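Asks: Work the whole structure out from these sequences, hints included.
Residue numbers (this note's numbering), protein chains in the order written: chain A, 725 to 1240; chain B, 70 to 571.
These aren't lab readings, by the way, just hints derived from the structure by calculation.
These numbers were taken from a predicted model, which means no experiment stands behind them.
Any given hint could be a false lead.
[As the list claims (entries may be wrong)] Quick list of in silico lysine-lysine cross-link-like pairs, PhoX-like style, CA-CA up to 25 Å: (1) A:K749 with B:K518; (2) A:K749 with B:K450; (3) B:K527 with B:K177; (4) B:K518 with A:K884; (5) A:K753 with A:K830; (6) A:K830 with B:K450; (7) B:K450 with A:K753; (8) A:K1193 with A:K1152; (9) A:K830 with B:K177; (10) B:K527 with A:K828; (11) A:K830 with B:K518; (12) B:K450 with A:K828; (13) B:K177 with A:K827; (14) A:K830 with B:K527.
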Amino acid sequence: MLDHILSLLIFFPAIAAIMGFVVHKESAKAFGVAVSVIEFVISLYLWFAFDTNVSGMQFMENISVVPAFGINYLVGIDGISLFIIIMASFFTMIGIASLGDMKKIKNLVITLLFLQMTMVGVFAALDAILFYVFWELSLVPMLYIIGAWGGPLRIYASVKFFLYTFTGSLVMLVGMLFMAFLYNQATGVWSFSILEWYRLILPLNYQLWLFAAFFIGFAIKVPMFPFHTWLPYAHGQAPTIGSVILAAVLLKMGTYAFIRFSLPMFPDAAAFFMFPIAVIAIIMIIYTAMVAYAQEDIKQVVAYSSISHMGVIILGTFALNVEGITGSVFLMIGHGIVSGALFFLVGVIYDRRHTKMMSEFGGLASVMPRYATIFGIMMMASVGLPLLVNFVGEFLSLLGFYNQSHIATLLAGTAIIVGAIYMLSSYKRAFFGEVTNEANRKLPDVNSRELLALIPLTIIAVWLGVYPKPLLDPINSSVKSVVMLMHEKAITPEGKSRIPSLENKVTTQTSEAEVK
Amino acid sequence: MLSHVNISLESLNIATLVPMLIPIVGALFILVLDLFKKDQRKSMYVMLSLLFVMLDFGSLIDSSIDFNTNGTILGYFDMMLVDGLALLGQFIIVGASILFIPLALTSKRFHEFSYPEFFALFLFMISGFQFMVATDNLILIFIGLEMASLALYTLIALHNRSKSFEAAVKYFTMGALAAGFFAFGSMVLYALTGSVEIHQMAAVFNADEFANLPFILVGVVFLLAALGFKVSLVPFHTWAPDVYEGASASMAGYMSIVPKIAGFVVVMRMFEFLIHSGVVWLNVVLYAIVIVTMTAANIWALVQSDVKRMLAYSSISHAGFVMAAILIGTTQANSALFLYWILFTFTNLGAFSMLWISRQKNLAAGQSSDHSYNKFAGLIKVAPISATIMALFMLSLAGLPPFALFWGKIYMISAAVSSGYVVLALIMALNSAIAGYYYLKLIIYMFMKEPEIDIESKVYTMNSSVSLRTIIGIAAVGTVFASIVVNPLIEFITAFVYNSGY
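Replies: In structure tokens, the structure reads:
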């Protein structure tokens, strides 16, 4: 069973989705919940069976698909991908479980199960073409979710989402094919295995071009400024479940791919582009926070704040040291939980009032106390309050970048603190004061179906904020091997100096232990 | 006094002609049968033609086994040239024909299939295309081309709609012009080299190091224009959308595959030595044609309001994409061309068959053309299976993994990258992104819009019959499970292309 547990995780939801066509529509949701619970249990078992002392890939499977062209079905996970996979199956589970009465619910459940296959596939794939297959396939279910269940502008939003990502990933595909060609030049055989590519040391100019090609694909997905314009539309129009999955899991594909592809394959280019990317990341943090402040629509506030926090993840990733990358991986999980929960919460109020305008609300805390409490906790987590999940990740990311540049870190850190203003002010407008709108006076508080999704998220947000060690340890050991590889592979003096060698890391490791 | 000419039957190597003779015999047989016993049902003719075409396919398998052991075979005064290219081309031609013929068995009656001549002409056409690819003699290529084209003009006109006549006449006029170009181009090259065989021309040119370059270029340009008409390269593509619109959907699908692969094989034979001759001007011309064909056709396809016209422009764009292989000119690129076209056969024939299955006799109110986009609005509600299968073909055409055309695309782009055409590879990738939009448009109409015009739901499967569903099923299975067959296909094709020296 353990030999094929990743294939099981990837294809179980897909097979279940195909079988789902037979299930009657009134039982579709129950079927979806059952399947996703099984999937989640399997993913927890994966964590249980995961050997935290091993920093490399585990549970690897390798089947030749196109040996003439070096394409294999090669999957495996390490500490970096393990928790994102668990998060993906967790969000699919609570997402399906908390679905309300929607039209065509059977189609939605089937689509979500297909989406789950592609999400797990992306994070488990270790072959570039296999990665690309899942990466592209994930667009189709999301396109359908936004386009069929979205708001009035849904078609525009879904097409924009699809075309942006599709264009970017085609450029990335050219980069992948070029990388395979270079590997073929060096060794005489075709291979798309990422692990084989890691062993290839490239001259700087190739690294720069390939880094740029991959960057376009990943940056659009993240989305990094200035490619972020598709995301507010997608979030604005998507149904609640679509926004939740998009924010919690799909966006992580981009940041995860930076760590899986760009950093270990092109360490010198990563060091070369470190400051330009840091500038973009800081612009992202500050600019989107300002845009969020100007929004009238509560969902747009959450959407822009989500982009803003993605900036911190990028900053941590491009710190190129163990603290920064560990922090950014941890922040991916934290961001997933927090922004996923916030989109759930926006969905709750939208279901009741069918509007997301903040001016329509006010004084909700007195009408819906439980709702206001959970929203408050999640909002605090989002702004990075200590003892909540995002704080750990943000702190480590900034600590990592502090080693590279004090000023940039200071700017980013201040921006995060200032960013709290817009969250607090929109919270104040929606929840405190008198109940101004009569329509709000009789709103029912969160019901048990919604609590089913929100309570676990709140517990996790607090748990990981207080005691992040179970996650940080495996992440840390895998990140260490990535950084070690990068340092060994770096050929330029800039790369060697920016990427620390791990012998000098002993001191910072102890300081990390203090953080934990 | 003429001296005796001694020709032994062995030296003629009649076996090389067998694959072409089978459909000719079949066509004559059908005509003779019609003389003796009139008014037979079309199903009989369909099955009879299918039998002959399958026999043809069997003889091709036989020749390819022969090719694997003995290498390239010459025959019939060295006019016939059975190499890997010829065999691969014929496999696609005959294979696509096998998939096409059962599409005649619609549940509604159509005028053209009631004539036995339709099937006779169809078999003659197959034979013509087979001659075209299995020789490097320009005269025989010309004969094969005209034999096939004249039959094809008639087949289009037989569809008996006002637009069909327009289409046939348009295609005929353009085809006549192309024939003139071809004859003129061959004449110039013959005058320069004293031979009509491409490999001998290459030998002469290489021996005197392209001494008469201006004349060579004139000849080559005329030939390129003539073949450009056949494979619909911009700016010689203008007939394509109108002809596709006028022809029946199944015939349009067939035209987007078979005549083009025949054309590509000839172009490949022609340009193999020219590309490697070091004449920069030729590479530039070809480069420009490839990019303009891909990009312009994509942009025109964006603004179409009819699915069939969109598919017409899309197949022009695919032709431009594949033409890049000729420009790159490596073994990998040439193999990629065949791989791409085999996968394209399944997907594109499937897409056109889905249009064919929903062909109406009369347009509904508010419907501007036979296959306008709004006809398919909200299809997921009335015919979910049709909508899903159609979406599958669209995703494959867009190059979404893991469907069929994705594998063709990556192998082709990889060929470009591997021979230093990185800019070309990027343009190819970006064109795939543009193309994504118009394929997506149909999916959006089918899955996300509400029905716009009042059409009975049975229209969407109006022509459905067991044989049509079988063909669509085969196309869909080929599209979805392509990833399993890609490896044997690549190995098979590469061996054939490599052993023919391309």
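Asks: Quickly compare the C-alpha distance for B:K450 and A:K828 to 25 Å and report which way the hint goes.
Replies: Holds, at roughly 10 Å.
Asks: Take a quick look at whether B:K177 and A:K827 sit within 25 Å of each other, Cα to Cα.
Replies: Violated, at about 36 Å.
Asks: Has the given pair, A:K830 with B:K450, been kept, meaning a C-alpha gap of at most 25 Å?
Replies: Holds, at about 13 Å.
Asks: Are the Cα atoms of B:K527 and A:K828 separated by 25 Å or less?
Replies: 22 Å, holds
Asks: Under the criterion that the straight-line Cα-Cα distance not exceed 25 Å, is the pair A:K753, A:K830 satisfied?
Replies: Holds, because 7 Å separates the two Cα atoms, which is no more than 25 Å.
Asks: Is A:K749 close enough to B:K450, meaning Cα to Cα at most 25 Å?
Replies: Measuring from Cα to Cα gives roughly 14 Å; hence the hint holds.
Asks: Is the Cα-Cα distance between B:K450 and A:K753 25 Å or less?
Replies: The hint holds at about 20 Å.
Asks: Is A:K749 within 25 Å of B:K518, Cα to Cα?
Replies: 21 Å, holds
Asks: Between B:K527 and B:K177, is the straight-line Cα distance small enough, at 25 Å or below?
Replies: Distance ~13 Å between B:K527 and B:K177 Cα, so the pair holds.
Asks: Hey, A:K830 versus B:K527, does the alpha-carbon distance stay inside 25 Å?
Replies: 24 Å, holds
Asks: Holds or violated: A:K1193 and A:K1152, Cα atoms, limit 25 Å.
Replies: This hinted pair is violated, its Cα atoms lying about 34 Å apart.
Asks: Sort out whether A:K884 lies within 25 Å of B:K518, counting only the CA atoms.
Replies: 16 Å, holds
Comparing the model with each numbered hint stated earlier shows that hints 8, 9 and 13 do not hold.
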